Amino acid sequence: MIHEKIAAGAVLAALALLPSAAAANPYQAYSGTTLVVSFPNHPHYDAVDRVLPEFTRETGIKVEVDKLQYTKMRDKQLLEMAKPRGDYDLVAYVVFSKTDFVAKDLIEPLAPYFLNPALADPDYDPGDLIDVYVENAGLVGGKKGYLPGPTAGLYGVPFGAETSVLAYRRDIFEKHNLQVPTTYDALLDVACRIPELEPGMGGLASRSQSGHQIIHAWLLHLAPLGGRIFDDHWNPIFNQAPGVQAAETLKQILACGPKGGAGQGFGGMKELFLQGKTAMFLDSTVVSGEVDDPNKSRIVGKVGWALHPTGIRRGSQTGGFGIAIPRNSQNKEAAFLLMQWLTSKAVDKKIALAGGSPNRKSTFADPAMQRQFPHFAVFGEALKYADADWRPLLPVWVGELKGMIGPRLSESIVGDAPIQATLDELARRTRQVMEREGFYTYQ
Amino acid sequence: MRAGYATRLSRIAPYVFMAPAVLIMAGALLWPLAHSVWLSFHEWKLGTPQDAAVFTGLENYRILLGDPDTLTSLRVTLVFAFTVVTLEVALGVGLAILLERPIRGMNALRSIFIMPMMIAPIVVGLLWRYMYNEQFGPLAQLLLLFGVEESPPWLSSPDWALASVIIADVWQWTPFIFILALAALQSVPTSVVEAARMDGAQARQTVFYVKLPLILPVVIVAALLRLIDAFKVLEVIFIMTEGGPGLSTEILSMRIYKTAFEFQQLGRASALSNLLLLLVAAISVGLVLFNKLRERANESG
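Quick note, the sequences are listed as chains G and Y, same order. Taking this note's numbering, the leading residue of the first sequence gets 848, the next gets one more, and so forth. Taking this note's numbering, the leading residue of the second sequence gets -14, the next gets one more, and so forth.
In isolation and in its complexed conformation, chain Y is listed as follows (with noise of 0.2 Å):
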């Protein structure tokens, strides 16, 4: 009897003891989620009380799928995501690999490029309109140094709006692949290396060939993690260009914190919101499905 007790007691135990984090779970994560899904489906305007929402169906989808904006900001989302972990995945690993050499001062070296990242993006929005004014600029003066009286209209031109704020976020992020991949550089087995040179491999075939195929795991995650950030991106568009001019700079947060605050359609937010996910989503899992492949045919070959 006593024993059929502690039996029971112990296969119970465990889910006593998860309650609490799936409950808070459950609360902190899926009923937001799920409170977005439902107003996605209800007519909501800002400043009215809930009650007031009214069920639309599938209006609010509806309307944003034949929005020709949705789909000017998907693409500029889609630009604008990819471009800046490109470039932020050759920077960040290109600079870990130059320097993981010890050379003296290096230490410091690498705390002055890993600043831009401990930066609050409103402030990296500020600092980067304030390079970019084409009056009073950094910028606009380094270029007058060199005789170029014109400043480009780097944030005034729907030509060149979009790749200001892609150095921008260059700037800001490209220390955070390479802090990783410089951890996953220093990690990678010296053996392994000093194996390669005494069978005569050229330093530059030890990173192509041995280093980069043994960091790509990591790079790969922080890569991930830099792309969904990068559809969420908001403070320093918001900041330099209010994702103007015209849609030119439009990212989905972007609209999506327009369609809740200026359009005031609560609804419709929640409904591109959701959308947004689902992209994200999908981006992530084919990622995640690309490594894993990778592995099992690395494990297999």
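Just chain G, with the same shape it has in the complex (with noise of 0.2 Å):
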């Protein structure tokens, strides 16, 4: 009995001092610690919440969630990630952010983790993650600074990233024989039709609220309308025809929408939708996740997509949320590997079964996933033609010029104020701004 408990004890001591049993398990070395993270009220950050247990059952590594409402998070986030020492491990942030963040060196490079055998998953397949998306969240210091090119470098991976869509109901499109709409003329004559043939219910919705959300539905149709914020030289350029019609556009989007859309957020606008007092949604991906959850919707079983029409040019938006680690973290490769994890082919099936917006190629190709969810073929279509120079991710546009603009823009479409002569306000403001930043120190 005893000489089989000192062989037994001997074979444990052995197998603790085999390098091979540590390396197998990269969580190990990280298993008790503690990781804190900033992430943003949203569905696809529900869905996480229902998948994150697995992930400190898997590796003994525990997670906190910090959630703010998106918009709100990034002042939580600047103050903490300016601090020494801060508190956040990873954070997710509105794409929007990422060269703000950059520009200020309060996020990691992602290329040494990525270089470390001891961190990185050989099977992570990063040429799985959607192109558009890796672009739009990750990328930063290429062309314009925010777009791909040989100068860029790869600070955060897209989670919870989306695009554009038009979803409609079926139900009442086949009621009243109505053609789903693939061009901007289309759209506005269906929109403006609903409400005729269905007292009660809008159109379109769509987000108006002053300040960030107004411009976010501007530029959704300004794109495709054949506009640009700013040209190749950051002369801004807003002011022409296709800004007044984005404009003029989303005006008439809110004269035929529901009762009470105008000065709607994204989180008003789509319950407009789910609750079934507007037709037509025509924005984020992510409403997807919502449309057939019982408790959330009703209209459950009744909703088509399709892509979003095409004006002069088709293009959705790229947008939705990357997570990156703060320089200041405290844990930062244990929160690497939760990023890893997070974005993981198999997780990524995982959140987008429990309501989560897919980052992976893969996920949209499942065939079980597209039985499942049969919307993911036109997702796949949408991203063909996704933009990620749809908005200028610059710092000075996230900070002082979306600000200024957004305030005067909802001047116009919500109130009475001449559109054309206030983007020519605008423009001469811009310009300005952009003078001061060294903007033109070129020209």
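Simulated from the structure, these hints should not be mistaken for lab results. Mixed in with the good hints there might be a few duds.
Here are the in silico distance ranges between beta carbons for each label pair [stated by the list, open to error]:
| no. | chain 1 | residue 1 | chain 2 | residue 2 | range |
| --- | --- | --- | --- | --- | --- |
| 1 | Y | Leu50 | G | Asp952 | 30 to 40 Å |
| 2 | Y | Gln35 | G | Thr1029 | 52 to 62 Å |
| 3 | G | Pro1141 | Y | Val108 | 46 to 56 Å |
| 4 | G | Ala1264 | Y | Ala75 | 26 to 36 Å |
Covered stretches of chain G, going by a simulated chain Y footprint (3 or more residues, C-beta under 8 Å) [unchecked claim]:
| no. | stretch |
| --- | --- |
| 5 | 1011 to 1023 |
| 6 | 1052 to 1062 |
| 7 | 1256 to 1266 |
Since the structure is predicted, the reported quantities are computational estimates derived from the model, not experimental observations. All residues carry an ideal CB built from backbone N, CA and C; glycine is no exception.
Hints are included, so try docking the two chains, each in its own frame, into the full complex.
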């Protein structure tokens, strides 16, 4: 008996000394660590909540989630990441914050982590991440500073990234024999016929809250209608014909929209569609996780999906979130392991099944997933037309310009201020700000 | 020798005892104020270390004073602050006069009246945002009962939004004026009121010529406190409209918040805070001087 115990003890001691035993589990060194993550209050991250306990079970790494409304999250992140030692180990950010975070040296470049064989999973398959999402959420330093190019580096991984699609009430369209709009003209026509055909129902829900939300809605139409905020030399051009047309389009959409639709943010707009108050929804793909959830939706089984209609060109938005590791995190390696786990092929599918947005080609292409989510076919098609340059992801845009343009745009679209004059004045003031920030140094 | 030491000690003693309070005041009040003034002469972007701040002299003030949005915000602030204080004083004093009388159940009524004041401003903002919801809100349902199918665009129209947030503020803070005015009315000596009645004064005359003049100093102080608060209000507007639509409800405190966190210009936000401080100080000093002059006139009259 004593001999058996001694032999068993010797075997255990020998196993503990074997280097391969430790190397086989990349998580072992970090077991017991607690990671603090900053996530938005958003349908994708609600789905992540349901999957996260698996990470702790598999790795022994605990995760505390600090959730905030997504437009307010950035304020706290900036204050936290500016400290010498921060509380956050992983942050989710709206893609427009990526250049701001990098310019202020607040987040880690990811190459050193993907180069570290003790951390990087050889089966991670970065080529399977959706290209335009990586460009939009992760790359900084390329063309224009925020687009891909030989000088770009990776600072974040898309997680909860989105494109735009048209969701429509199949039952209403069939009842009135309406064609699903493929062009902007047809979209406006149908949007304004619906309130006549279905009293009490609006045509199309849209964001229109003053500030970020109304700018988002305007840009959503500006790119397909052929416009841009700046030309290639940072001259503001949003006051040209496409900018005016995009504002007029948005104004008409609101006029034919649901009662109480004006002034809504993303959440309010989504709610109007989910509660059956509007026949169409043209915005982020993330709504698909909720339309068939009977706890959240009154339109279960009634929704069809189509591509973002064409104006002068076809162009769906690219937005949503990426995740990055703050420079001042105290647990960077463990945070990378969580980032890698969350964006792995297997977990991407699990999050999609829980109602989140896929970030990998393999999830969209999986036949089992396509059977369960037939709209994936449309979403995959929409990604072919996703436009990474539909809005300028510059720090000055995210800060001063968006704050200046948003309220004035709201006065023209929700109020009665003349559109052309407002856009002209905003273009002039935008030029002053860009000049102050040094954008015309080479001119 | 001993007597001289004692005299010196008694001369120093008050300063020694006052020193901790003065130091704490200087640390808690003057240091942040001085830092804010220092910051207002620098460009410092949120999320960068403080040593990245660049001295720019009066540039922040120049930008602010030449910015049409700041001037719009100043106008909105003045309209908001003076309208809410006028309405709150009129309603609060009026209610206090009505509820001063000994009627059955009055104590319960008084308790109900002061409840809004005890609710956190964030909750007040959420409550009124729900009240104003054009689809599901109680006001829309109430209007429907009266046959009004189209609810006014309470918060979604630049023409309505400021009035809507003014209503919310008046709802919350009228009780503050009410409770102070009521206390002041109850401290009016009954002999003065009795004397007025014996001289043949009617109830209305007693109110306007006896009670109101006597409680006026308290009402002025209460109005001043509300005015200072109204210039600084943020939470209710932040929750209800975030300053929109357009700039229709963007009062200066909201603009300071946006300048710091949205525009990320901490120096410019400090400059705007300092301008707001000067504005509130000027108005407060003006009101205090007015009160003193009035008192002096009464004394000499």
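Verification of the hints:
1. Checked against the hint of 30 to 40 Å, the pair Leu50 (chain Y) and Asp952 (chain G) passes, with Cβ atoms roughly 33 Å apart.
2. For Gln35 (chain Y) and Thr1029 (chain G), the Cβ-Cβ distance of about 54 Å falls inside the hinted range of 52 to 62 Å, so the restraint holds.
3. For Pro1141 (chain G) paired with Val108 (chain Y), a C-beta distance near 30 Å fails the hint of 46 to 56 Å.
4. The beta-carbon spacing between Ala1264 (chain G) and Ala75 (chain Y), approximately 33 Å, falls within the hinted interval of 26 to 36 Å.
5. With 0 residues having a beta carbon nearer than 8 Å to a beta carbon of chain Y, the stretch 1011 to 1023 of chain G misses the requirement of three or more and the stated coverage is violated.
6. For the stretch 1052 to 1062 of chain G, the proposed coverage by chain Y is satisfied: 4 residues have a C-beta within less than 8 Å of a C-beta in that chain, meeting the threshold of three.
7. Look at the stretch 1256 to 1266 of chain G against chain Y: 5 of its residues bring a Cβ nearer than 8 Å to a Cβ of that chain, three or more, so the hint holds.
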